[in-house]
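Can you make the complete structure from the sequences, with help from the hints?
Top to bottom, those sequences are chains A and B.
Mapping of the first sequence onto numbering that gives the first Met the number 0: position 200 corresponds to residue 199, and the numbering continues sequentially without gaps.
Mapping of the second sequence onto numbering that gives the first Met the number 0: position 79 corresponds to residue 78, and the numbering continues sequentially without gaps.
Heads up, some of the hints might be wrong.
One copy or two, it doesn't matter: identical chains are merged, so the pair holds either way.
[Unchecked claim] Using 27 angstroms as the maximum straight-line C-alpha spacing, the simulated DSS-like pairs for lysine-lysine come out as follows:
1. K332 to K100
2. K400 to K363
3. K28 to K363
4. K375 to K332
5. K363 to K26
6. K400 to K377
7. K375 to K292
These are calculated hints, taken from the structure and not from any lab test.
For clarity, every value in this text was computed on a predicted model and none was experimentally measured.
Letter by letter, the chains look like this.
Protein chains: 2
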Amino acid sequence: MKIIPGGVTAPAGFRAAGLHVGIRRNKLKKDMALLVSDVPAHVAGAFTQNMVQAAPVIYDRQLCQNVGMCQALVVNSGVANTCTGEQGIHDAEAMAAHVGKSLGIDPSTVAVASTGVIGMRLPMDVIQSGIDMLVPELSYSIDAGVDAAEAIKTTDIYKKEIAVTLEIKGQQVTIGGMCKGSGMINPNLGTVLSFITTDLNISSELLGKVLKADVVDTYNMVSVDGDMSTNDTVMIFANGMAGNEELLETDEDFPAFVEAIRYINRAFVRAIASDGEGATKMFQVDVSGMPDKDTARHLAKAIVASNLVKCAMYGADANWGRIVCAMGQSGVKFDPYRVDIEISSVAGHLEIVKHGVTTDYDEKEASHILSEKQIKLKAHMNMGDETATAWGCDLTYDYIKINADYRK
Amino acid sequence: MKIIPGGVTAPAGFRAAGLHVGIRRNKLKKDMALLVSDVPAHVAGAFTQNMVQAAPVIYDRQLCQNVGMCQALVVNSGVANTCTGEQGIHDAEAMAAHVGKSLGIDPSTVAVASTGVIGMRLPMDVIQSGIDMLVPELSYSIDAGVDAAEAIKTTDIYKKEIAVTLEIKGQQVTIGGMCKGSGMINPNLGTVLSFITTDLNISSELLGKVLKADVVDTYNMVSVDGDMSTNDTVMIFANGMAGNEELLETDEDFPAFVEAIRYINRAFVRAIASDGEGATKMFQVDVSGMPDKDTARHLAKAIVASNLVKCAMYGADANWGRIVCAMGQSGVKFDPYRVDIEISSVAGHLEIVKHGVTTDYDEKEASHILSEKQIKLKAHMNMGDETATAWGCDLTYDYIKINADYRK
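Below is the structure:
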């Protein structure tokens, strides 16, 4: 597998565009993206588990289940089209229909996504004129992928895109992706908005299986603020234009594809955590020594989701009692007096807890390690062999600022 | 029932003291409290459900279960005596033993409590000399109760105490209490430190039953930051000195006592939320129209625990999508399109959501209502007749400041 420049337009046959079309007041902020495959692509998706689901989530889930094919995706930021009732579903359908008509493709193969304020109706006139503006801008270029990645951002500071290439069944296959994160991020089987394209020839069933297996260890393991969005969506589009014979689960190349998807989603999850609202640093939590994978995941997630751990990270304070406290409230059973905790970064490495009590480490050295932009916390539970990793960011003044003034 | 001045020393036969004894560096901050009953009191407690439990929690739970009687309570702030292993238990026992010896009472009837930094050993020499300093200061006065309430604070700004009097079985009975809150507050069957005294004659079994029934609707319904402390403790001491014939569950006066305890605990919970770390305002969430009490509680708690709702409250922003989102991720099933939401404060009242969609209310009026210090959010689910109430505070810059620099 090789990392290459670009994002969603890197695989063969995918065009994209991103523009400011007027949904947001800030004219410098692109607010709408369009992604089109030359031929209908197999599609699979994973969606939010929040009881309250955005209209585009309800729409896309049906598309993945009933149609299984997708040729275009239209995304707007600024308005989430959530808590908008039947009208919201109609608006999502109308958005897809307008894309289908403009491109001359079957509207039932058009996916839609929205992110932004909950409770407001989509401005359908702006959406439709926006689609009309985007269609002539569609391009196979790397820059077009960048525009699309910019357009799906909300409070994200950095665009998030990636592309990799690998050989499958003798063919050069490319996978590209773009995603957004930032706030309301504590996904559970779904996330944020994340769109992955590939020219691989693979069935939508197998694509769905790969995605489902991957999200539990990637998107489900990141927490910015403990709030699970109503719009979390991950979709993979595979248009088969690499020309490989269809990839099957039994093929010897299959693990390489699974690994590439894992690589991309881990990269996105790390980017989402690093670019969490107000974040100044990203921390990775590795929990090891648990009897099963599920409890290991729960512990890791509990640590990255704790406000107090997040504040301690912001303050570069090795206040490990909060790490133990966060695990203790997770509902997972463990022996507090078997826990070992280590911290590390480019500035060094330190064991701060051994068998549940302090190692009498040097607080200054610990603070020095925690002052870096990227930090690792390791908790070894000494109860088994299973591990899990989660990602989070610190909780800062700017998170408050962003979210107290979100709609102003 | 009548509210009277004072706190834990209001009931007959309770003396208290609170001093700075040197556990904390700040000499202006009292850091140790002692509470003594003239005669052994019946005792009942409710404790944290965090897997990781502080040594004093383990010690007090055994005291409540095995002894059922308590004559003195010693509390320190600054060091939590948590994650301190066997040594921590020995230290808690030694703390109780020293109080027993100093007062000439059975050490098995001495309760202990600690709050502060996790992972540090208690400074036992300071603790013992502190007890020696406190004993001669013990007093029945109101001021002594104030000193004790001051001494158990950590990042609390305000002391929290209350006293009420009521007639039970023809006798004037008094109930007093003190508590602390502020951070790491999202209790589950237990809380913070809260100590209630009464001169009522009642068995420890019945006392425990009243307490257990009460905490689910009081302490368990408050959230400052979603983190459940390892030291949460509520204890009630009843020394019988009011001279009433023992109160039984079948007595007609029994509901009045239950109501008085509910009144005290609700007052404490509101005070804890108002004085949450960094809080500028307190908000109460009333969920109604649910088919059962438990799911109503879950929804109310999910709203007060959401960082995004807390930030919106700080910004006086009626961003109701976050309220619906928080309920949606609670795991409770409901129909988003039946939900009605109202906001109110002394500045006014406004219905902002009807059947899951916006009422097109005036945002300025909403912001005006949410700019007050005390706010009510009402969510009516239209699915049944059960209700629940929860309390929270806003999430502010100062919460971050306090918790990034907690140990500095």
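Task: Hint check, failures only - done: 1
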